[in-house]
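Colleague: The task is simple: from the sequences and hints, build the whole structure.
All residue numbers in the sequence shown are consecutive under the numbering used here, ending with 314.
Don't take each hint at face value.
Computed beta-carbon distance windows for the label pairs [to be verified]: (1) Leu285 - Gly118: 44 to 54 Å; (2) Tyr303 - Leu246: 45 to 55 Å; (3) Thr225 - Val300: 40 to 50 Å; (4) Tyr303 - Asn198: 44 to 54 Å; (5) Ser301 - Glu244: 25 to 35 Å; (6) Asn162 - Pro219: 17 to 27 Å.
Read the hints as simulated data drawn from the structure, not as lab findings.
In this text, a Cβ means the ideal position worked out from N, Cα and C, and glycines have one as well.
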Amino acid sequence: MKKWIVLGLLCLLPFATQAYTISGSVTGGSGVKIAAAVPVELDTFYVGIVIPFLNTYSITNVPAGNYIVAAFADANLNGEIDAGESVGWWGGDFPDIVVLNGNVSGINISLATADGGNFYGLLSYGGSLHGASFVRVFTNPGFSGNPVGGGLIFQNDTGNGVYTGLTTTQGTFYADAFLDMNGNLEPDTDEPYGIYGGTTPTPFVVTPTTTPTDIDIDLFDPVTPPVENLIITLAGNDIQLSWSFTSPYTYFEIYRSTNPNVLPVNSQLLQNTTSMNFTDLGVVSLYEQVRYQVVVVR
Numbered sequence: 017m018k019k020w021i022v023l024g025l026l027c028l029l030p031f032a033t034q035a036y037t038i039s040g041s042v043t044g045g046s047g048v049k050i051a052a053a054v055p056v057e058l059d060t061f062y063v064g065i066v067i068p069f070l071n072t073y074s075i076t077n078v079p080a081g082n083y084i085v086a087a088f089a090d091a092n093l094n095g096e097i098d099a100g101e102s103v104g105w106w107g108g109d110f111p112d113i114v115v116l117n118g119n120v121s122g123i124n125i126s127l128a129t130a131d132g133g134n135f136y137g138l139l140s141y142g143g144s145l146h147g148a149s150f151v152r153v154f155t156n157p158g159f160s161g162n163p164v165g166g167g168l169i170f171q172n173d174t175g176n177g178v179y180t181g182l183t184t185t186q187g188t189f190y191a192d193a194f195l196d197m198n199g200n201l202e203p204d205t206d207e208p209y210g211i212y213g214g215t216t217p218t219p220f221v222v223t224p225t226t227t228p229t230d231i232d233i234d235l236f237d238p239v240t241p242p243v244e245n246l247i248i249t250l251a252g253n254d255i256q257l258s259w260s261f262t263s264p265y266t267y268f269e270i271y272r273s274t275n276p277n278v279l280p281v282n283s284q285l286l287q288n289t290t291s292m293n294f295t296d297l298g299v300v301s302l303y304e305q306v307r308y309q310v311v312v313v314r
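Modeller: As structure tokens, then:
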């Protein structure tokens, strides 16, 4: 079975002149419990054993930087996170960043069994940008609210490769992925992005007995709108867009999406116009949130 994050217990940690300690408690789960600090670049990891009965851990000799801190109960003693094992992040169902520039304590983690098990897929990216690859899982096609699980590609900054994901519940899910160039664990407008299903979010089901193996996601480079001074204002149930552009042009393409990133693809094309303004009539009553991109066609 493929794994999500391989946390080998026997590893050589890089020497660092400025090394610090991350400590805290791990509650829940049973058996041997392990805590791990993984840089947001996903290029190495540092581990510590949770002390039985005290339920405390200390990860030492960790260089300064930004980290994801996770913990799990290693039921089969293989040093890996497996489906059905209790797992948790600092931050909840999807990790928050621990900024390490000195010793940090109180990074307390609560373990919960990943009842939904695993799902697998392939990330594909044809661009030239680099960063850590993250997959997020949501319970709605608008990708709103907090993620309820996710996955990543470890020690690979190309955006290409097989990943394994975990969900903290079982049911129907939607997934997106991004190349995290700045290490903030969030998809930004200048980072490659994609969703499972292409331009239309496609649901998939994860249960303890249902493990999807083809949740493949293509990542696309963002197209930065060359228009200037794009302003978006709310007018009742309408949304008004206005912008400026000083160079010669033929017309403008307006793209709209309810997803976190707007892709310049036909399914998201809303309107062509030669004007430098546009009103999206009645859109507020149709969607909880929308995003726009205006692209010039010369």
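Colleague: Looking back at the numbered hints, which does the structure fail to meet, lowest number first?
Modeller: Of the numbered hints, 2 and 4 do not hold.
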